[in-house]
Each structure stands twice: as C-alpha cells, then as structure tokens.
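In the working numbering, each residue's number is its place in the sequence shown (first place is 1) plus 1458.
Everything labelled a hint here was simulated from the structure, so no lab data went into it.
Because the structure is a prediction, the values reported are computed rather than measured.
We put the beta carbon where it would ideally sit given N, CA and C, even for glycine.
Be aware that a few hints might be false.
[Unchecked claim] Label pairs and their in silico Cβ distance ranges:
id, residue 1, residue 2, range
1, A1511, D1550, 18 to 26 Å
2, P1671, G1581, 19 to 27 Å
3, D1638, E1466, 24 to 32 Å
4, A1636, E1696, 40 to 48 Å
5, R1632, A1557, 31 to 39 Å
6, A1691, P1640, 33 to 41 Å
7, P1620, P1582, 15 to 23 Å
8, A1483, Q1528, 13 to 21 Å
9, D1512, M1459, 42 to 50 Å
10, D1667, G1581, 18 to 26 Å
11, E1466, A1530, 41 to 49 Å
12, G1633, G1708, 19 to 27 Å
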Amino acid sequence: MQRPRLPETLRRLPVAHRAYHDRAAGRVENSRAAIRAAIDTGYAIEIDLQLSADGHAMVFHDDDLDRLTQAAGPVRARSAAELAGIRLTDTDEGIPSLAEVLHLVSGRVPLLVELKDQDRGFGPGVGTLEATTARLLAGYAGDLAVMSFNPHSMAQMARLLPRVPRGLTTWQWRGHGADDLPAERRASLLAIADYDRVGASFVSHNWTDLMRPRVRELAAQGADVLCWTIRSAEEETEARKMACNITFEGYPATIPQA
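Kindly produce the complete structure, drawing on both the sequences and the hints.
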C-alpha cells in the first residue's frame, strides 16, 4: 500500500483549526470568511466534512446544526441546497460545500481535510462521504492531506485516493462519548492499532497527550506528528518539543521561515 508523506507545507505552516476563525470578528468556524483570513495570513487550513442528505460533502464540524446556526437537528437530514441557505450564527454566510472551498483556496495554502465519523461508533459504516470527497479531491492541484478519527474512513481513502497523504486523528478517548464505545473498540483506537493497515503517514494527536508511548513509537518509526488544539504561544512551545506542526486557534501563530 502506498504511504504518501505530508507535503512540506503541512509540516511547516501552522494549521488554522476550522480555518482562521474569530467569532467576535464575524469569522465563524469553517466559514468562507475564516478561510479567506487564513489565506491572507498564510496559514494552512484545517476543515471538517459532514455529509448532506443528498450525498454532498459540506464544510461543517458538528453532527448537528444547533451550536453554529439558528437551525437545529442533524446536518445529514438536510440537502446541500438547504444547508447552503442556513446562515452561520452572526454572519450572512450559508454553510459552504467542499467544492466551494476547494475553488476558494485554489492551492494558495495547504489543506488538512478531516472527514467526520459517519458510523456514529467509529466502525465500518462509512463510504458515501469518502467517495464524494475523493471525487472532488482527485482534481485538486494544491497541497493537501486527509484524516479522520475513524480508521475505516482512511482505509476507504487509501483505496479511492492512494496518492493523497492520510492520517489518523487521535486522542485519549475519554469523555465526549468515547466512554460509551465498546471496550475492545476503544482499546484499538487508543492503541492507534490501524495506523499501518490504512497506510497512514501521520497522526494528529491531542497536544496534552503527546508523550503517550504509542505516539513516541510512531514518531520514531518516521510518522509525522501533528497536534491539536493549541490555544497560546506557551502551549505551542511545549507541543513543538514532540510535534512537527500544530493546529491552533485563538491566537496568531508565528509562521516559520521556509
């Protein structure tokens, strides 16, 4: 299985979490305004994908609309056209599609694309989001990589888009619903057991847990280690002792010289 490496730009340029958002300035997570701000500043961009009811990849983090819009209920219950018409809170923007975002970025900065879990238990119930994402990314010329908390998603991407770097988003798997997972599944995710099976070349790990032995082991074997989510220069300094790059929000990360 091919194991393409991260582009140099995604190892060097700080990655703006859900784009360079600042709600007080009218730049909501994963919005066009936040994406434009990241491009203008020169940051790499992390975006999240959810699936619409009619099979389109939409750029939105949460499973549900409630937190970030005036609407409510699951994203997957609405068509792409309906989602485009739902305004992000405190903006005049609708929810963008992946196709729109790829056109907006057009290779000017690198993209780190996270496919959100569609199985609801990080199991094998995936495929539609991966297929529509792969069709769009196949013709994209800029630097990019894909990742997911669900290894089954990355196994699909390895089959569909083998030349695009892929990684696993990882953490301590405690709280936020992780404790409800079957013990065997949780243990496998915690051990990052699928890293080789999916042909990953990087992990994006929770920054407070970077010294986990498995993360150190993967780094020693040549994996690139990214981390999330850094919220200050002090946290960044600490995280970079282990991670080659950061995903950040809430402060202006410094862009290293090439």
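Now for the hints, and whether the structure bears them out:
In this structure, A1511 and D1550 meet the distance hint of 18 to 26 Å, their C-beta atoms being roughly 24 Å apart. Taking 19 to 27 Å as the suggested C-beta distance range, the pair P1671 and G1581 conforms, at roughly 26 Å. At about 39 Å, the CB distance of D1638 to E1466 disagrees with the hint of 24 to 32 Å. Separation of A1636 from E1696 is about 24 Å and departs from the stated range, judged on CB atoms against 40 to 48 Å.
The supplied range of 31 to 39 Å is met by R1632 and A1557, whose beta-carbon atoms lie about 36 Å from each other. For the hinted restraint 33 to 41 Å between A1691 and P1640, the CB-CB distance of approximately 40 Å keeps it satisfied. The hint said 15 to 23 Å for the Cβ distance between P1620 and P1582, and at roughly 19 Å that hint holds. For the pair A1483 and Q1528, the beta carbons lie near 20 Å from each other, so the given range of 13 to 21 Å is met.
Evaluation of the 42 to 50 Å hint for D1512 and M1459 yields a failure: the beta carbon distance comes to about 32 Å. Taking the beta carbon of each, D1667 and G1581 are about 23 Å apart, inside 18 to 26 Å as hinted. A C-beta distance of roughly 42 Å is found between E1466 and A1530, which places it inside the suggested range of 41 to 49 Å. The supplied range of 19 to 27 Å is met by G1633 and G1708, whose beta-carbon atoms lie about 21 Å from each other.
The structure does not agree with the numbered hints 3, 4 and 9 stated previously, though it agrees with the rest.
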